[in-house]
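Going line by line, the protein sequences match chains V and E. With our numbering applied, the first sequence corresponds to residues 36 to 323, in that order. With our numbering applied, the second sequence corresponds to residues 36 to 323, in that order.
Any given hint could be a false lead.
Which copy is meant is left open, because identical chains are indistinguishable; a pair holds if it fits in one copy or across any two.
In silico lysine to aspartate or glutamate, EDC-like type, Cα no more than 20 angstroms apart, as pairs [said to hold, decoys possible]:
id	residue 1	residue 2
1	Lys314	Glu302
2	Lys271	Asp121
3	Lys191	Asp58
4	Lys320	Asp119
5	Lys314	Asp58
6	Lys314	Glu293
7	Lys320	Glu293
8	Lys72	Glu317
FYI, nobody ran anything at the bench for these hints, they're computed from the structure. Quick caveat, the model's predicted, so the values are computed rather than measured.
Protein chains: 2
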Amino acid sequence: MDKILKINQTIQSYYQEGAVSPDLSQALLYSLEAGGKRIRPILLLQILEGFGLSLTVSHYQVAASVELIHTGSLVHDDLPAMDDDDYRRGQLTSHKRFDEATAILVGDSLFLDAFGLLAAADLPEKTKLSLIYELSAAAGSCGMVGGQMLDLKGEKRQLKLSELQAVHANKTGKLLAFPFVAAGLIVDAENDVQAKLAKAGSLTGLAFQVRDDILDVTADFAEIGKTPQKDLAAEKATYPSLLGLDQSYRILEETLAEVQTIFSNLEEKNGFAASQVLKTIERLKLDG
Amino acid sequence: MDKILKINQTIQSYYQEGAVSPDLSQALLYSLEAGGKRIRPILLLQILEGFGLSLTVSHYQVAASVELIHTGSLVHDDLPAMDDDDYRRGQLTSHKRFDEATAILVGDSLFLDAFGLLAAADLPEKTKLSLIYELSAAAGSCGMVGGQMLDLKGEKRQLKLSELQAVHANKTGKLLAFPFVAAGLIVDAENDVQAKLAKAGSLTGLAFQVRDDILDVTADFAEIGKTPQKDLAAEKATYPSLLGLDQSYRILEETLAEVQTIFSNLEEKNGFAASQVLKTIERLKLDG
Numbered sequence: 036m037d038k039i040l041k042i043n044q045t046i047q048s049y050y051q052e053g054a055v056s057p058d059l060s061q062a063l064l065y066s067l068e069a070g071g072k073r074i075r076p077i078l079l080l081q082i083l084e085g086f087g088l089s090l091t092v093s094h095y096q097v098a099a100s101v102e103l104i105h106t107g108s109l110v111h112d113d114l115p116a117m118d119d120d121d122y123r124r125g126q127l128t129s130h131k132r133f134d135e136a137t138a139i140l141v142g143d144s145l146f147l148d149a150f151g152l153l154a155a156a157d158l159p160e161k162t163k164l165s166l167i168y169e170l171s172a173a174a175g176s177c178g179m180v181g182g183q184m185l186d187l188k189g190e191k192r193q194l195k196l197s198e199l200q201a202v203h204a205n206k207t208g209k210l211l212a213f214p215f216v217a218a219g220l221i222v223d224a225e226n227d228v229q230a231k232l233a234k235a236g237s238l239t240g241l242a243f244q245v246r247d248d249i250l251d252v253t254a255d256f257a258e259i260g261k262t263p264q265k266d267l268a269a270e271k272a273t274y275p276s277l278l279g280l281d282q283s284y285r286i287l288e289e290t291l292a293e294v295q296t297i298f299s300n301l302e303e304k305n306g307f308a309a310s311q312v313l314k315t316i317e318r319l320k321l322d323g
Numbered sequence: 036m037d038k039i040l041k042i043n044q045t046i047q048s049y050y051q052e053g054a055v056s057p058d059l060s061q062a063l064l065y066s067l068e069a070g071g072k073r074i075r076p077i078l079l080l081q082i083l084e085g086f087g088l089s090l091t092v093s094h095y096q097v098a099a100s101v102e103l104i105h106t107g108s109l110v111h112d113d114l115p116a117m118d119d120d121d122y123r124r125g126q127l128t129s130h131k132r133f134d135e136a137t138a139i140l141v142g143d144s145l146f147l148d149a150f151g152l153l154a155a156a157d158l159p160e161k162t163k164l165s166l167i168y169e170l171s172a173a174a175g176s177c178g179m180v181g182g183q184m185l186d187l188k189g190e191k192r193q194l195k196l197s198e199l200q201a202v203h204a205n206k207t208g209k210l211l212a213f214p215f216v217a218a219g220l221i222v223d224a225e226n227d228v229q230a231k232l233a234k235a236g237s238l239t240g241l242a243f244q245v246r247d248d249i250l251d252v253t254a255d256f257a258e259i260g261k262t263p264q265k266d267l268a269a270e271k272a273t274y275p276s277l278l279g280l281d282q283s284y285r286i287l288e289e290t291l292a293e294v295q296t297i298f299s300n301l302e303e304k305n306g307f308a309a310s311q312v313l314k315t316i317e318r319l320k321l322d323g
């Protein structure tokens, strides 16, 4: 897919300029090129195109910045002190391929570099500052990292559904909602459109986590590229463990349907061309 | 000192708003309030005052943002996979007081939150974007983290002086130079003034590292609040190990004198009021 290629090129060119440590660059590209599906960047780019924009280098830089943060979080999540995973996307995790210190520094770099990439993009100053603010809020202690801490603290006990939802909304939801919010900022959308995008983003985040929970139970290594049934083994609260598999499939389906409704509504009312995004959302479905 | 109090208040108020995880907030404040000397924020604020500015909340926010990044780097540097330190500033390190996963997330939060704090400051958009770009470049793979990787890779062999300088310039130098560069951006300094500030910043970074190397050899636990002679025990290349203690003292003194000359020159030629900054630089001296 053309977009994935260009996202990868954007990331590579960013990391080929003036590396202080070639060892670090190698480890950064190892994780960045590990065959991620680039779902966050693609959603951003497809929504921009839905609004009629021709994609520019800057749009790809914004797309790459969220992928840097996402990849950094995976590298740290896999560390022995965290989820202790040996494989990710079918290849050795950073700390297994290199060492723990390298994996820590890879994540740190990705978190710190993402904002420089955004700040340098050729977009209006106001837009860039909003993007930086939103990305920081989605990723840091008010978002992804805060949710990761809730998750760790919750591992020792059975969570209620509302607690599980709070974990997910922060740990996965906010960064997955970022591409939707970012697209609205880039096209300078009206408040009502921006609100619809934010809603679609947080629902997609929910769907993604339910899907991940289901796949942990049902998929094998080849399908998900990492050790399956880890949540089960850790007796971790998940949608299937709290609500059963059937109900989890139903929630996934209903949530994705709601996202599709929002985009169809944007098409009707706001002249948004929804077909690309709808296809991407459709692909998130699983057969129950 | 009044400035330290206000820096601390700025940090605290940032972390008291809407925490996702109270456990994470507690761990963040534990490291942030560990009695750091706040040298980077103070230098920024003193340079701003030297240019005649009355300090505002926004200036304190910029000052706090570099302290977040600095503290995050210390928390990660202390991890078992990195320098494996049990004490920092006389108190248990984050992973000893809490656990490794928490310490990883504390560092991650500090790196990610710093940019949101900058983006929200009440300063001109152009200035904020330059500050964000410079902070990212000073801290990420092109700066501090890149230097940390060079340092790790160099531990297994005896470095040449030029290699040691490259480690220091990146690992410590660039983030220490940030307050100087940031002050120039905030006052919108002419190019020649900005160049002088950048030079003073990188010299101060060098002085800081030489000083740290000397203290590792000469100081006891009470003076530096962490385990002394760790570099010595690790047979790590340092200024004293490569050049001897006497020569290291001389380099420190000469470097700080050069910084003072730059600021005296700014006073003469550019109406800069140098007395506060000169006092801070003076305090970095050690008696040989």
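Of all the hints numbered above, which does this structure not satisfy? Sort the numbers upward. Violated hints (numbers, rising): 4 and 5; every other hint is consistent with the structure.
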